[in-house]
Amino acid sequence: MAIEFGTPEWARALEQAINASSEFRNAGSKWGVGFNGTLLFAFEADAALAQGRYLLLRLAGGSCRSAEFAPGPAHSDAGFALRAPFALWRDILAGKTLAATAILTGKLRVDGDKIALLKHAGAHRALIHCVASLDTQFPGA
Amino acid sequence: MDRLYRTLQGSIEGVVSTPDQFHAGQSTNFGNLHQWTPRFVVEPRSASDVATVVRFAREQGLHVSTRGAAHSQGRIALSNGGILLSMGSMRGVLGVDPAGLTADVEAGMIWRDLVRHLGRWNLVPRVLTNNLGVTVGGTLSMAGVGVASFKYGTQGDNVRELDVVTGKGELKTCDRERNADLFWGSLAGLGQVGIITRARLDLRRAKRMTRTYYLLYDDLRRFLEDARSAMNGDTWDHLESWASPCPQGTKPVAGKRQVFAKWFYPFHLTVEFDPGSPPDDAKLLRGLAPYDNLYVDDVPTIDFLERMIPIFDLWKRGGTWEHIHAWVETILPWETAADAIESVLSELPPAILVGGHVLLWPAKGKTSRSPLFMRPPGEDLVGFGVLPAIPPRYWEQARPMLDNLSRMTTLMGGKRYLSGHIDFTPEEWSEHFGDQWEPFRALKQRYDPDGILNPGFIPLGADPGSAERR
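The listed protein sequences derive, respectively, from chains X and L.
If you're matching positions, the first sequence starts at 1148 in the working numbering and goes up one per residue.
If you're matching positions, the second sequence starts at 2 in the working numbering and goes up one per residue.
Incorrect hints may have been included.
[As the list claims (entries may be wrong)] DSS-like cross-link-like pairs, simulated, lysine-lysine; straight-line CA separation at most 27 Å:
1. X:Lys-1261 to L:Lys-252
2. X:Lys-1254 to L:Lys-257
3. L:Lys-367 to L:Lys-152
4. L:Lys-208 to L:Lys-284
5. L:Lys-252 to L:Lys-263
6. L:Lys-367 to L:Lys-208
7. X:Lys-1177 to X:Lys-1254
8. X:Lys-1243 to L:Lys-257
9. L:Lys-152 to X:Lys-1261
10. X:Lys-1177 to L:Lys-365
11. X:Lys-1243 to X:Lys-1254
12. L:Lys-365 to L:Lys-284
13. L:Lys-365 to L:Lys-152
14. X:Lys-1261 to X:Lys-1243
15. L:Lys-317 to L:Lys-208
16. X:Lys-1177 to L:Lys-252
17. L:Lys-263 to X:Lys-1177
18. L:Lys-284 to X:Lys-1261
19. L:Lys-152 to L:Lys-284
20. X:Lys-1177 to X:Lys-1261
21. L:Lys-169 to L:Lys-208
22. X:Lys-1243 to L:Lys-252
No lab work stands behind these hints, which were simulated from the structure alone.
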């Protein structure tokens, strides 16, 4: 049964999916080791999303310690933030746009060390796959 | 018959062909990515022919593009409705000065033919590209890097003098003092300010034999340290390396299982020697720490220089020579090289390298004086080339990965080598040339004010279009 995007239930389901993913466990084994790997995904409001959503993932060593929606577009715990309109995120989750391409062309904006992020592209691709794999009720869908 | 055919053919000694006459291969290059059909293919006999063609084109409002062996992969060595000068018709050795260590050659000279011609004197060009089946004019227009570049710079750094036909149709001789701006603007100048018709090349004396040590590394950073050490001594004559995948099975990538590999780093270190005076292996290899020392190969120097020919023959027999070649070669700063290479290799499916390979070449930035050969600042550099052969049906799938590879290595301070798959935006071109961009544009304006030379690749001139202008 689809879980509504942006809810605590959805965040918990994502945390479980990440921790069940051998792809993320391997590809993300060095993410957040020796640096702050907490990621803030900013799903910015657009025609399909009335109000922005800000997903905070505490990640280190191939596991997700917590997933929650933050109240605003910034969070003091975040080592990196990735920001894009919701429509672009949907394209990324649908596999129509590579996240790496979106980052490298500036469509997906990064707060933090962009190169550090790109060095771990496999980890982030695995994360995106975890999100895309959740049975989700997205706004406007 | 094209209305301009008789006039053009009547004005030169060379041969003019129209689309119904020339080979379809003239409409693409090694990349097999772009298809442009020229209005005329001209095989010039002389520099005078080249100058006549340029003046004719200028009068008639046509573009002129130049083509050597067409080993490039971008929109270059092609013409979309203009005149394509096929320089392979000018492939003579004009003279060799064994005492002065120079050779004068026409621009369409194939490097392999020159190497064989010089064999009688035990002379060789100081730098040779891995692929010897390319032309002198072609590689000088790109820069020309090879396994001796860490000692001698680019092929362009080893040119004494050039004859160049400018975009105004003037034949000029240039060197480091005389018409120096044209000289440096022609080397690594992508044929934008003039067409090289003759080059006087620096040569060196070669020893008759080479010994190559086939070392293997299982750790990139260890390899890079040894590569730097090998460059810094005066021990080695040639350094060549790769990244080679050892498939391990499959793993999920975005949920789909794909083959993944452990990467190894073969490092081939070569010294030349005279028969009867073999090198001291232990002394040469002291201080290097490979994972394995696989093989030691003694071959005549000429065979070493031609070592890639059997590989290319293999690729040709396998059918991959006809695939799309979208090579991404980048010169990286030493500081970011390991991170950049590891990041790329971790994402690279080994199967993409069927009919291709991943090159690594340690380099010294200060061995080059060529202002248009863009490389990162710093003394120690690492060349990194992903050279795939892609079946056309997989191109759309592979392209985003290769484009991201280019963007990522550029973001990490790298400079692309321009013979490969280049699809820069105007902003990326400007960024690539950095502080040389405006001087390059000024040179273009000075020597090719109508923007007729080699359009469609780099947006230097007033007319970035590719089609016939009239």
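(message) Check the hint pairing X:Lys-1177 with L:Lys-252 against an upper bound of 27 Å on the C-alpha distance.
(response) Distance ~17 Å between X:Lys-1177 and L:Lys-252 Cα, so the pair holds.
(message) With the threshold set at 27 Å, check whether the alpha-carbon distance from L:Lys-367 to L:Lys-152 stays at or below it.
(response) Given pair L:Lys-367, L:Lys-152 holds - Cα atoms ~10 Å apart, limit 27 Å.
(message) Need the status of pair X:Lys-1261, X:Lys-1243: alpha-carbon distance at most 27 Å?
(response) Holds - the C-alpha atoms of X:Lys-1243 and X:Lys-1261 are around 22 Å apart, at most 27 Å.
(message) X:Lys-1261 and L:Lys-252 were given as a pair; does the straight-line alpha-carbon distance stay at or below 27 Å?
(response) holds, 26 Å
(message) Would the hint linking X:Lys-1243 and L:Lys-252 be met if the CA-CA limit is 27 Å?
(response) holds, 22 Å
(message) Against the 27 Å threshold, does the CA-CA distance of L:Lys-208 and L:Lys-284 hold or violate the hint?
(response) holds, 19 Å
(message) Run the distance test for L:Lys-152 versus L:Lys-284: straight-line Cα separation, threshold 27 Å.
(response) holds, 20 Å
(message) Please verify whether X:Lys-1177 and X:Lys-1254 have alpha carbons no more than 27 Å apart.
(response) Holds. X:Lys-1177 to X:Lys-1254 sits at ~26 Å (cutoff 27 Å).
(request) Would you mind confirming whether the straight-line C-alpha gap from X:Lys-1243 to L:Lys-257 stays at or under 27 Å? (result) Status holds; Cα separation ~16 Å.
(message) Check the hint pairing L:Lys-284 with X:Lys-1261 against an upper bound of 27 Å on the C-alpha distance.
(response) Not satisfied, since the Cα-Cα distance of roughly 44 Å exceeds 27 Å.
(request) Decide if the proposed pair is consistent with the structure: X:Lys-1243 and X:Lys-1254, CA atoms, cutoff 27 Å inclusive. (result) holds, 14 Å
(message) Given the hinted pair L:Lys-365 and L:Lys-152, is their Cα-Cα distance within 27 Å?
(response) holds, 7 Å
When each numbered hint is compared with the structure, violations occur for hints 9, 10, 15, 18 and 21.
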